[in-house]
Amino acid sequence: MLETLLPILIFSALALAVIGAVRRIRLWRQGRPARVDLLRGLAAMPRRYLVDLHHVVARDKVMSNTHVATAGGFVAAAVLMILVHGLGLGSSERMGPILGGLLLLASAAMFVGSLFVAKRRRNPPARLSKGPWMRLPKSLMAFSASVFLLTLPTLGILPAGTGSVILALALAAVLVWGLGEMFFGMTWGGPMKHAFAGALHLAFHRRPERFSTKGGEGNRSTGLKALNLDDSKAPLGVETPSDFTWNQLLGFDACVQCGRCEAMCPAFAAGQPLNPKKLIQDMVVGLAGGSDAHYAGSPYPGKPVGEHAGSPHGPIVAREGQALVDAETLWSCTTCRACVEECPMMIEHVDAIVDMRRFLTLEHGNTPGKGAEVLDNLIATDNPGGFDPGSRMHWAADLNLPLMRDLGQVDVLLWLGDGVFDMRNQRTLRALVKVLRAAGVDFAVLGNEERDSGDVARRLGDEATFQSLAKRNIATLSQYRFQCIVTCDPHSFHVLKNEYGELGGVYEVRHHSTYIAELFEAGRLHFAPWKGGSVTYHDPCYLGRYNGEYEAPRNVLKALGIDVAEMQRSGFRSRCCGGGGGAPITDIPGKQRIPDMRMNDVKETGAELVAVGCPQCTAMLEGVVDATAEVRDIAELVADALVERPAGSGGGSDSTRAPQSAAGARPEMKEVTS
Amino acid sequence: MRPDAQAPGAPSTGAQATSAQQDGALEVAVLVSVGRHPVTGRARRADQDARGVELALSLAGARISLLHAGALDEESESALRGYLGMGFSALTLVEQLPGADVVPALADRLSAARPQLVIAGERAEQGEGSGMLPYLLAERLGWPLVGGLAAVEKVENGVATLLQALPRGQRRRLQVRLPAIVTVDAAAAAARQSAFGPAQRGEIEAESAAVEWDEAQPEWNVTPARKRPKRLKIVKAASARDRFKAAAAKAEGGSGQVLTDVTPEQGAEAIFKLLKDEGVLR
Numbered sequence: 006m007l008e009t010l011l012p013i014l015i016f017s018a019l020a021l022a023v024i025g026a027v028r029r030i031r032l033w034r035q036g037r038p039a040r041v042d043l044l045r046g047l048a049a050m051p052r053r054y055l056v057d058l059h060h061v062v063a064r065d066k067v068m069s070n071t072h073v074a075t076a077g078g079f080v081a082a083a084v085l086m087i088l089v090h091g092l093g094l095g096s097s098e099r100m101g102p103i104l105g106g107l108l109l110l111a112s113a114a115m116f117v118g119s120l121f122v123a124k125r126r127r128n129p130p131a132r133l134s135k136g137p138w139m140r141l142p143k144s145l146m147a148f149s150a151s152v153f154l155l156t157l158p159t160l161g162i163l164p165a166g167t168g169s170v171i172l173a174l175a176l177a178a179v180l181v182w183g184l185g186e187m188f189f190g191m192t193w194g195g196p197m198k199h200a201f202a203g204a205l206h207l208a209f210h211r212r213p214e215r216f217s218t219k220g221g222e223g224n225r226s227t228g229l230k231a232l233n234l235d236d237s238k239a240p241l242g243v244e245t246p247s248d249f250t251w252n253q254l255l256g257f258d259a260c261v262q263c264g265r266c267e268a269m270c271p272a273f274a275a276g277q278p279l280n281p282k283k284l285i286q287d288m289v290v291g292l293a294g295g296s297d298a299h300y301a302g303s304p305y306p307g308k309p310v311g312e313h314a315g316s317p318h319g320p321i322v323a324r325e326g327q328a329l330v331d332a333e334t335l336w337s338c339t340t341c342r343a344c345v346e347e348c349p350m351m352i353e354h355v356d357a358i359v360d361m362r363r364f365l366t367l368e369h370g371n372t373p374g375k376g377a378e379v380l381d382n383l384i385a386t387d388n389p390g391g392f393d394p395g396s397r398m399h400w401a402a403d404l405n406l407p408l409m410r411d412l413g414q415v416d417v418l419l420w421l422g423d424g425v426f427d428m429r430n431q432r433t434l435r436a437l438v439k440v441l442r443a444a445g446v447d448f449a450v451l452g453n454e455e456r457d458s459g460d461v462a463r464r465l466g467d468e469a470t471f472q473s474l475a476k477r478n479i480a481t482l483s484q485y486r487f488q489c490i491v492t493c494d495p496h497s498f499h500v501l502k503n504e505y506g507e508l509g510g511v512y513e514v515r516h517h518s519t520y521i522a523e524l525f526e527a528g529r530l531h532f533a534p535w536k537g538g539s540v541t542y543h544d545p546c547y548l549g550r551y552n553g554e555y556e557a558p559r560n561v562l563k564a565l566g567i568d569v570a571e572m573q574r575s576g577f578r579s580r581c582c583g584g585g586g587g588a589p590i591t592d593i594p595g596k597q598r599i600p601d602m603r604m605n606d607v608k609e610t611g612a613e614l615v616a617v618g619c620p621q622c623t624a625m626l627e628g629v630v631d632a633t634a635e636v637r638d639i640a641e642l643v644a645d646a647l648v649e650r651p652a653g654s655g656g657g658s659d660s661t662r663a664p665q666s667a668a669g670a671r672p673e674m675k676e677v678t679s
Numbered sequence: 045m046r047p048d049a050q051a052p053g054a055p056s057t058g059a060q061a062t063s064a065q066q067d068g069a070l071e072v073a074v075l076v077s078v079g080r081h082p083v084t085g086r087a088r089r090a091d092q093d094a095r096g097v098e099l100a101l102s103l104a105g106a107r108i109s110l111l112h113a114g115a116l117d118e119e120s121e122s123a124l125r126g127y128l129g130m131g132f133s134a135l136t137l138v139e140q141l142p143g144a145d146v147v148p149a150l151a152d153r154l155s156a157a158r159p160q161l162v163i164a165g166e167r168a169e170q171g172e173g174s175g176m177l178p179y180l181l182a183e184r185l186g187w188p189l190v191g192g193l194a195a196v197e198k199v200e201n202g203v204a205t206l207l208q209a210l211p212r213g214q215r216r217r218l219q220v221r222l223p224a225i226v227t228v229d230a231a232a233a234a235a236r237q238s239a240f241g242p243a244q245r246g247e248i249e250a251e252s253a254a255v256e257w258d259e260a261q262p263e264w265n266v267t268p269a270r271k272r273p274k275r276l277k278i279v280k281a282a283s284a285r286d287r288f289k290a291a292a293a294k295a296e297g298g299s300g301q302v303l304t305d306v307t308p309e310q311g312a313e314a315i316f317k318l319l320k321d322e323g324v325l326r
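Protein chains in written order, with the numbering used here: chain Z, 6 to 679; chain X, 45 to 326.
Please note that the accuracy of each hint is not assured.
Here are the computed lysine-lysine pairs in the DSBU-like style, where the Cα-Cα straight-line distance is at most 35 Å [unchecked claim]:
id : chain 1 : residue 1 : chain 2 : residue 2
1  : Z       : K563      : Z       : K308
2  : Z       : K375      : Z       : K608
3  : Z       : K375      : X       : K317
4  : Z       : K596      : Z       : K230
5  : X       : K274      : Z       : K375
6  : X       : K320      : Z       : K375
7  : X       : K317      : X       : K271
8  : Z       : K308      : X       : K289
9  : X       : K198      : X       : K289
10 : X       : K289      : X       : K317
Treat the hints as calculated values from the structure; they're not laboratory data.
Because the structure is a prediction, the values reported are computed rather than measured.
So that you can see chain Z by itself, here it is in the shape it has in the complex:
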């Protein structure tokens, strides 16, 4: 009897799954077109899953092994089940025992995996979604156990007539449950949807360059994509869910609601009304239409679930009243990319948030807080503070900095950034100039020809002002010849390095910590031993997660003789200072301040000093009252430790090259070298 029942069950489940898949694909196709290489993507998908995705999942070893057993077991079991029970190969003489044995193995592995899934669900952490996800381990067990047991008679391990008809029917019923969850639910919107949407999302990802290939590592691909402002028909950002590209919608649908993003999000921790997981789920609600009442995870802090609803062609943010998402949710984001870094499904949260911000700024004209004022300043004065652009170099009146306009060609173009108007950052800049001079670097600055890089304008959604600033900066830079740009501002660094390229400006850009590390390696800097207390280091988001530079700042600190007492959240998990993405400008209230939390992290290490490498981080962390640690930029620490070359170290192998300008000033050095 089972021989006739099982194929019917299996193939009807498959048919339903196919119908669901078509429906789901049509939902995604509501999005705007995107240029995706479909075939190459599908071909690359297994590798993206096995290597890149598991690289992220494997940060949690138990969960990673659980997933390998469960998912691997399921895929194998499903294929084998179709062969053995669906197509009846189980009864063939030659293939039957092999396939059946493999099926037993696969379903057993899946069952063991689902036991671990069940264990995690017994006392789930707050970041996990509940609701339908709570039944998933039972469904997994139902599928694997029933497949295992139904395969035993086929293999002849148990005689075909074992048990009664009732038992067989009961088993078949359990299998129906399992099939329903695993096949039907996969495409009709159950928890298993993540497998179907996730696989296609990996294949058709909007940033394929993120993934590794056989040839090498993927790059970080963190630069925002430019809007086409010349085409008056091109939409300015995203108003409705269908304004996202179809592969973005697909990406939202891939979310497995693990809440790793939520656990890392600084805005969520600060009690601001943002939860990256909920945001992605709201987009899923939007693409299918409906309300968020069925969401079973942590809500946006301070915003009860069930009050928002949307539709594929309805607005995401209402001009008045409520729609799918409130504007302050979008403006709470610091664009720190902690969510993207942590997401095992490789979802691009920050892209989506900036897309929606673009619409709010460019179409609604509704940038909150000081946003409108800052953007007006950027338009009128090329800096966010509204300062006279002719006063850019006032801070350096006594430094006699060489100007690009006078020299035309140098080794290093020192990009100063808007920190020139900030008295705290001026100390960092003076230190950096001192270091460059000590190393005899041939450098110059743009002076009054420099403008804001456009970082803040772009994160606030004002793509027009960003492109205007960027194009003028690129035109200025194109007049001069230099080998690389060095800057102490990771935001300028990121924009110059990763976002000007699309507009025609391709440069070699280094953060000052990278450059100082190189100078030290080359033997051009010499430091007195560190005499201060313990030191910790705060990774700026735009240097670390955006550009992968975790080592150079630590190497510089090591060269200074500092043993860094690492914070629990450092490196790629560094917690944001709260200063990115225009967050201090839009200033969405929360329960606590992000920099306060970060200084608490510093306090836990017992460090007396926190080294930073970003003017925003410096400003945010120094703004914390009753801080236990002093905030110093790496450039300042290096400048304080500078010494002339120790007398004994003048070996012939030293490749120090005294530049023409500084050579006359230090004749003793020349004697030692020769």
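Following the hints, put chain X in place on chain Z, whose structure we already have.
Only chain X this time, still in chain Z's reference frame:
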């Protein structure tokens, strides 16, 4: 709050304008100029004019038209688009050449369109910037003018209730029969953000108009503005409260006197004496 006062000079013919619109919408024209950023001198939407637009947007059921008299070039276009970005689909440009006197052209345009309320900034941010334009327009059209507005409270039966800004945060409520010209004080609500999308899509509808040359201006000698010496405020305050009051105070002219019913000679005498006392004339 002071008692309501009728603005002087309201012509009795004003109520006729209400017949111009049947659907009851209030016709509002906002005069907008090309501003100049105080630090960089770049063209922008003028601050007070933009506040005037904001004031118009605050009026329920108003049909707002934006009006600019001048020439269209790259700079002025970007500034004018700044007004469109506040949510307008079109702006009327009364074409005038540089050096033209825009008052006659604007007056012709307004008397033809017959809006009930004309809103303008107090003075332009560049050019002559005398602040005379609203007054000259009012004189030509024979309409009442109310200066230094903070808000328009309501418009009913052809009468507008206005809130005029006075020093130190004081307000005076006025009623004026429409049509009328009002100018906007810096105390009025700040202009909303100008959005790029509507600014780019909005149309600048050019209308040709007769050009009357400004005869006086070419004879003037224009020199860059110099910072004028300011009278130092010497505060002899004993308490923090006094210091705060002194810092917050606008020029009050406490020792001034109001001369009424005097002959021109007596008036001139008084002014001459004041100038001598203040050391302006020696």
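Going down the list of hints, with the structure as the test:
1. Z:K563 <-> Z:K308: Distance of about 46 Å is beyond 35 Å: violated.
2. Z:K375 <-> Z:K608: 31 Å, holds
3. Z:K375 <-> X:K317: 49 Å, violated
4. Z:K596 <-> Z:K230: 33 Å, holds
5. X:K274 <-> Z:K375: 32 Å, holds
6. X:K320 <-> Z:K375: 48 Å, violated
7. X:K317 <-> X:K271: 26 Å, holds
8. Z:K308 <-> X:K289: Not OK: K308 of chain Z and K289 of chain X at ~43 Å, beyond 35 Å, violated.
9. X:K198 <-> X:K289: Measuring from Cα to Cα gives roughly 33 Å; hence the hint holds.
10. X:K289 <-> X:K317: 30 Å, holds
In terms of the numbered hints stated before, the structure departs from hints 1, 3, 6, 8, listed from lowest to highest.
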